[in-house]
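Asker: Listed here are the chains, written in short residue letters.
Number of protein chains: 2
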Amino acid sequence: MCRHANLVFFVRFIFSPALFDNFRNMIASTPTPPYYAVIFTSVRTEGDNGYEEMSERMVQLAQQQPGYLGHESARQDIGITVSYWESLDAIKKWKMNAEHLLAQKEGKKQWYARYKVRICFVERDYEFDNE
Amino acid sequence: MCRHANLVFFVRFIFSPALFDNFRNMIASTPTPPYYAVIFTSVRTEGDNGYEEMSERMVQLAQQQPGYLGHESARQDIGITVSYWESLDAIKKWKMNAEHLLAQKEGKKQWYARYKVRICFVERDYEFDNE
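Chains Z and W, in that order, are what the protein sequence lines are.
The numbering used here puts the first residue of the first sequence at 1, with every later residue one more than the last.
The numbering used here puts the first residue of the second sequence at 1001, with every later residue one more than the last.
One or more hints might be untrue.
To be verified - What follows is a list of derived Cβ distance ranges for each label pair: (1) Z:Leu101 x W:Lys1092: 25 to 33 angstroms; (2) W:Lys1093 x Z:Asn49: 38 to 46 angstroms; (3) Z:Pro66 x W:Gln1076: 38 to 46 angstroms; (4) W:Gln1110 x Z:Glu86: 34 to 42 angstroms; (5) Z:Glu56 x W:Lys1092: 35 to 43 angstroms; (6) Z:Gln110 x W:Lys1092: 39 to 47 angstroms; (7) W:Pro1031 x Z:Asp129: 32 to 40 angstroms; (8) Z:Leu101 x W:Thr1045: 36 to 44 angstroms; (9) W:Pro1031 x Z:Ser87: 37 to 45 angstroms; (10) Z:Gln76 x W:Arg1057: 18 to 26 angstroms.
In short, the hints are calculated from the structure, not lab data.
Computed from a predicted structure; not experimentally measured.
All residues carry an ideal CB built from backbone N, CA and C; glycine is no exception.
Only chain Z is shown next, with the shape it has when bound in the complex:
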């Protein structure tokens, strides 16, 4: 058996259509505008300190909120997370969610060196798909 079998499998997996479709789906399938977006841009502190766990929990929790439409996230030097919402009221209720309030407090205490939040009204959208 080829000694690189595991590597070949891994590379095939990485470039498989299935995984590619996962990335494809990571663009939020939002409804026709208008709706709202919250752009959260952040610089992390060093070390994890429970950040990843909290981050996953907040995504789970946000998805259960009334008026949640989807989210998109990427971190390279800075992190950008955009969440999409039906109304300003839905955004306000999510901001005031008890568990989310705790995460915001910890965020200021240990996870973030800096962040900026922008509340936006999405007026128009368009998309491209090469399939």
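Once you've looked at the hints, dock chain W against the given chain Z.
Answerer: Same frame as chain Z, but now just chain W:
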């Protein structure tokens, strides 16, 4: 001389306050709202094919446009680039810029598997800085 001198220098550089400040500055210093945001979320095709060079050129070019206020960018599985503008007219003129039109055409032809563009009115913002 320590054989790990280069490594030590590199690690010091990576965690240096100077570099950290660069990340800090990668959150766009936008003026008090209202203003506009264009959220560009994308899935890349495989390979570079001139993408990085075009991407840097487009940032340079956007910065020269009237009404440009700043931009933020991160790519992990998906890419998110948010550019900020004074008005819808400024966004429209940037979209119709001749060199940008060529890049958009090439983008559909070879660089992007999928993308979504959302035009937003930024109503409100707030920020946190632990300094």
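Asker: Taking the earlier hints as the rules, which of them does this structure contradict?
Answerer: Structure breaks hints 1, 3, 9.
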